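The chain contents come next:
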Amino acid sequence: EVQLVESGGGLVQPGGSLRLSCTAAGFTFSGSWMTWVRQAPGKGLEWVANIKGDGSEKDSVGSVKGRFTISRDNDKNSLYLQMNSLRAEDTAVYYCATLRGSSDTRFFECWGQGTLVTVSS
Amino acid sequence: DIQMTQSPSSLSASVGDRVTITCRASQSIITFLNWYQQKPGKAPKLLIHGPSTLQSGVPSRFSGSVSGTDFTLTISSLQAEDFATYYCLQTHRTPYTFGQGTKLEIK
Numbered sequence: 001e002v003q004l005v006e007s008g009g010g011l012v013q014p015g016g017s018l019r020l021s022c023t024a025a026g027f028t029f030s031g032s033w034m035t036w037v038r039q040a041p042g043k044g045l046e047w048v049a050n051i052k053g054d055g056s057e058k059d060s061v062g063s064v065k066g067r068f069t070i071s072r073d074n075d076k077n078s079l080y081l082q083m084n085s086l087r088a089e090d091t092a093v094y095y096c097a098t099l100r101g102s103s104d105t106r107f108f109e110c111w112g113q114g115t116l117v118t119v120s121s
Numbered sequence: 001d002i003q004m005t006q007s008p009s010s011l012s013a014s015v016g017d018r019v020t021i022t023c024r025a026s027q028s029i030i031t032f033l034n035w036y037q038q039k040p041g042k043a044p045k046l047l048i049h050g051p052s053t054l055q056s057g058v059p060s061r062f063s064g065s066v067s068g069t070d071f072t073l074t075i076s077s078l079q080a081e082d083f084a085t086y087y088c089l090q091t092h093r094t095p096y097t098f099g100q101g102t103k104l105e106i107k
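In order, the protein sequences belong to chains B and Z.
Just so we're aligned: 82 in our numbering is position 82 of the first sequence, and the numbers increase by one with no gaps anywhere.
Just so we're aligned: 49 in our numbering is position 49 of the second sequence, and the numbers increase by one with no gaps anywhere.
No wet-lab data here; the hints were simulated from the structure.
Worth double-checking, as some hints may not be accurate.
Just the calculated beta-carbon pair ranges, DEER-fashion [what the hints assert, rightly or not]:
1. 45/Z <-> 43/B: 12 to 22 Å
2. 43/B <-> 93/Z: 14 to 24 Å
3. 17/B <-> 68/Z: 40 to 50 Å
4. 70/Z <-> 74/B: 36 to 46 Å
5. 67/Z <-> 1/B: 33 to 43 Å
6. 14/Z <-> 87/B: 34 to 44 Å
All of these numbers come straight from a predicted model, not from anything done at the bench.
Each residue gets a CB set at the ideal place from its N, CA and C atoms; glycine is no exception.
Working from the sequences, and respecting the hints, build out all of it.
What follows is the structure, given as structure tokens:
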């Protein structure tokens, strides 16, 4: 059974930093694309970033480029999101998920329970 | 960026009703469209991908279809456990984008 457990969320001041972690189990982590998705309180879902299984390819949404960095440690079956220069609008629940696909489909399949990040003074 | 326009934003229905939710893409996304269900305080759950392949374990009352850039999620006979918020997601090009969501409520 696939398990994804996020951690590292909390309260941080504007301009501060936080590193989220996602620990994976139950599948071949090193062979899997992974993604981060966030959801502001009472709002919809927003894709944040992707990373390939070997870490060689990454992409992220424009609003976080230059501030957030996605990375992974396949020896530890762990995915990370380093968040710098945090703003109030980054306040959200952050989910990690597996990203599966083929030539004609691509989807976020299994999700963690989420971790809440609150940016406030 | 590809915009996904989802409608309606909310919907009231009764158990046993047939409901449809639509997402329109601002440009071609071919078949890279997925549907998710989210209940309060929970992570989204994948229902359909590609855009008509039912995810394993999802009841057959859920179905997806496409006509050009218009994608539809249909629930053939609503059950009590289906009252939730539904989102579409395009994964054709980054930034991947979700629809605004449809909150399905009990009438």
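Going down the list of hints, with the structure as the test:
Distance hint check: the CB atoms of residue 45/Z and residue 43/B are about 18 Å apart, consistent with the given range 12 to 22 Å. The given range of 14 to 24 Å is respected by residue 43/B and residue 93/Z, whose C-beta atoms sit roughly 23 Å from each other. Distance hint for residue 17/B and residue 68/Z: a CB-CB separation of about 44 Å, consistent with the stated range 40 to 50 Å. Residue 70/Z and residue 74/B have their C-beta atoms about 40 Å apart, which keeps the hinted 36 to 46 Å range intact.
The hint said 33 to 43 Å for the Cβ distance between residue 67/Z and residue 1/B, and at roughly 37 Å that hint holds. Restraint check, residue 14/Z to residue 87/B: a C-beta distance of roughly 43 Å satisfies the suggested window 34 to 44 Å.
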